[in-house]
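Residue numbers (this note's numbering), protein chains in the order written: chain A, 1 to 320; chain B, 1 to 320; chain C, 1 to 320.
Worth double-checking, as some hints may not be accurate.
Since copy identity is lost for identical chains, a pair holds within one copy or between any two.
[To be verified] Cut-off 30 Å, straight-line C-alpha distance, at most; resulting in silico cross-link-like pairs (DSSO-like, lysine-lysine):
id : residue 1 : residue 2
1  : K136      : K162
2  : K225      : K178
3  : K251      : K76
Calculated from the structure, these hints are not laboratory results. Treat the numbers as computed from the prediction; the structure is a model and nothing was measured.
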Amino acid sequence: MNTFLHAKDLGNFDEALEIARELKEDRYKYEQLGKHKTALLVFFNNSLRTRLSTQKAARNLGLDVIVLDVNQGAWKLETERGVVMNGDRSEHLLEAIPVMASFCDIIGVRTFAGLTNREDDYTECILNQFIRYSGKPVFSMESATAHPLQSFADLITIDEYKKTKRPKVVLTWAPHPKALPQAVPNSFAEWMRAADFDLVVTHPEGYELDPLFVGDARVEYDQMKAFEGADFVYAKNWSCPGVTNPADYGKILCNEPSWTVSQRQMAVTNDAHFMHCLPVRRNVVVTDEVIESPRSLVIPEAANREISASVVLKQMLANL
Amino acid sequence: MNTFLHAKDLGNFDEALEIARELKEDRYKYEQLGKHKTALLVFFNNSLRTRLSTQKAARNLGLDVIVLDVNQGAWKLETERGVVMNGDRSEHLLEAIPVMASFCDIIGVRTFAGLTNREDDYTECILNQFIRYSGKPVFSMESATAHPLQSFADLITIDEYKKTKRPKVVLTWAPHPKALPQAVPNSFAEWMRAADFDLVVTHPEGYELDPLFVGDARVEYDQMKAFEGADFVYAKNWSCPGVTNPADYGKILCNEPSWTVSQRQMAVTNDAHFMHCLPVRRNVVVTDEVIESPRSLVIPEAANREISASVVLKQMLANL
Amino acid sequence: MNTFLHAKDLGNFDEALEIARELKEDRYKYEQLGKHKTALLVFFNNSLRTRLSTQKAARNLGLDVIVLDVNQGAWKLETERGVVMNGDRSEHLLEAIPVMASFCDIIGVRTFAGLTNREDDYTECILNQFIRYSGKPVFSMESATAHPLQSFADLITIDEYKKTKRPKVVLTWAPHPKALPQAVPNSFAEWMRAADFDLVVTHPEGYELDPLFVGDARVEYDQMKAFEGADFVYAKNWSCPGVTNPADYGKILCNEPSWTVSQRQMAVTNDAHFMHCLPVRRNVVVTDEVIESPRSLVIPEAANREISASVVLKQMLANL
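Please construct the entire structure, taking both the sequences and the accompanying hints into account.
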């Protein structure tokens, strides 16, 4: 594996889930793989789970880890070509990327959507420059349009808790005070489809996700109807993906509080497990009651971030 | 040891001091204890000594270390229960703590007193949430009301330099331009009492420390009188603890420059050693002359922070 | 080696270049040297290459690494003696340095020129306090007037690409929107002279470098003339060194765009390699065309930062 951005990059899911189980039993099983190798983790944006879980996973694999917070203690980076650089950005990605790559064997990149220009975000402008110019394996630690380490951790979690081979999984939009990227719902939809689960996506009209990720999954605008018989409920806010109207890209079109996931909706499910990638705004996205209930999986789901990152790094190291 | 906040958490002092001597001889003696284990150091506030000495101590024990600066590169954390989280705090400690705990074996927490609400501070609101919700051993790297790694280092230092079994130790308040927490004097008083040294506390009226820490130690409002015959002088500023008047909590009641520790007061001691936890404001808390004198122990005292943290981590690892 | 600031500190260049080649073959060859030793990297200023390459080099040598960003998460440091510290700086270097030194075996320091007071900068006020008060080996990771790890990497690079024993090396000033230190051109001139290369320095009048570094190297105010027959072109902006007029120290005296290195000047060279220490402002210091040409060495030059730091750390460890 030379790039990790989409579900298909992981290869066979059954095999990946088997390695996940193996690493959960013995996190240091492949510790020799990373000896004398260095993972560089580049953060253009904030991170808690990703920062901690990826460092831990890299160390599990015996990798040395260097964390770089681009906006703290480094230089502001220019990303456009052909610019006369007389502003506040003192280094160009065209130099910064191969330089960073010189000092490591694998690169993880965290970069959020700008939410102002749909094309910039959906072409994964920054991540793709890393892939193109680094000459090293690159994995997304959440990029503009995808969060595959999260979705893989979600898959591992559902695999651990599901009681049927093909559970009903509902991805539901929820309100939020700020405009958020579509990376998590995009990847979640993509991975659930790739796993061939019974995916239903529910959101207010206008929040349709990009077909690249959501494919032909069933979309249901009536949240209560979508929840009926669900085995897993995955809540997440996202801003307008701009699929039907590009001018709305990144906007908050709706803040309807009835979409907050509460006991009311959970009551019509098949005693569903509640999931969220975190961080979560309590009593905005989900009520205290639901997130604290015994059916909530938010903590084991986050803990599985160490496992998903370990599997991905293991597969990348095997290819070096 | 599952929690390290108070002097009693360390167990038998003689045994702890013996391990301290052992580790000072050979810092890597217990390196095998931490193999395949990870210490997470969470900083809600600034730190120099604690940041460096605790990292060093953890590596001495063979631990992997992950440093998390909560206010740099992570998410702002909500600490109150039941809140509708539609402000600037995007994650709740109720999720953040168990998530952080998922990726480590031991957690160190640095969190300062807010100095606005005595009860919030003295109930150790944040640290206790870590103890309650992490399911992992938690040690204070200075919390709202206590700084036990500092006081243990102070104890080690006094143990190394004392010439009598029960030295006279004077804890003296000193002026400072900013309102500071009571964590250091609280813990120092607690530890000196637990070590059964002859403790005298001196400060202007109104600065009485909480009885929980200072117990029945002798308080002397006349600084010169307190210094008479002292073997060790420990200087520190603190803001009003609000013991007699809770409304004054966290306020600066006095900035009397005559309290600055100078040769004038040191002259009446028993050729006392000067101590301070650092950082120290020169010529405000103490004169250049006193802090640079051969009797000043501020540097060996700081260096012993590596030793105190090593002993504490060693004891915690032994219990895992 | 107890201090690394000037070319002479490295000792014999041929031997150092031999170790460089050795470490480039096998970066972990001397991994045992750093076992149970800790390098502390102290950053007072921004850094990308230095931050990454020095961490990598230290790990190559088996050192533990602690990175300290003084202005993020630590305390603001007072550097003047005798001050009444009642402002915003809560710790004095006189305490901070020996404290930092307590927890490590080798110290790297990054500190930029203030560019307001020539004497402060050229006496290396901060770095020299580290050398004087730490009691540990100290190496510059770029200080006020010198950047020896960069110049040593430049030397390694030229050594790899030169076709004659004594290549013509042109150090050329270039425009820049901000006032920059002289550290890189100072060290580059010093190292090229120490290597006995045919050095020509070209810049607008008023930008004369300090004789301490530039010695009797040929200075040519006509950039085109300087470039004639060059084997290597090293571009860098610097602000006025204040050699002829101290009042101009740190000022931008000229921003003449004709000095931007472009194909026009490169055409008169001996098919010269282009070099720059990075970060570089494209189309201000150098055109896209030149920096992207096959003769550009900016990336291998940056990659050699790992090698120069490895050699320096290896030599320092050998002396411990």
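Going down the list of hints, with the structure as the test:
1. For a Cα distance limit of 30 Å, the shortest separation of K136 from K162 across copies, 28 Å, qualifies, whereas the shortest one inside one copy, 37 Å, does not.
2. When the C-alpha separation of K225 and K178 is checked against a cutoff of 30 Å, the pair qualifies only within one copy, where the shortest distance is 27 Å, while the shortest distance between copies is 59 Å.
3. For a Cα distance limit of 30 Å, the shortest separation of K251 from K76 qualifies both inside one copy, at 27 Å, and across copies, at 23 Å.
This entry satisfies every hint, going by the numbered hints stated previously.
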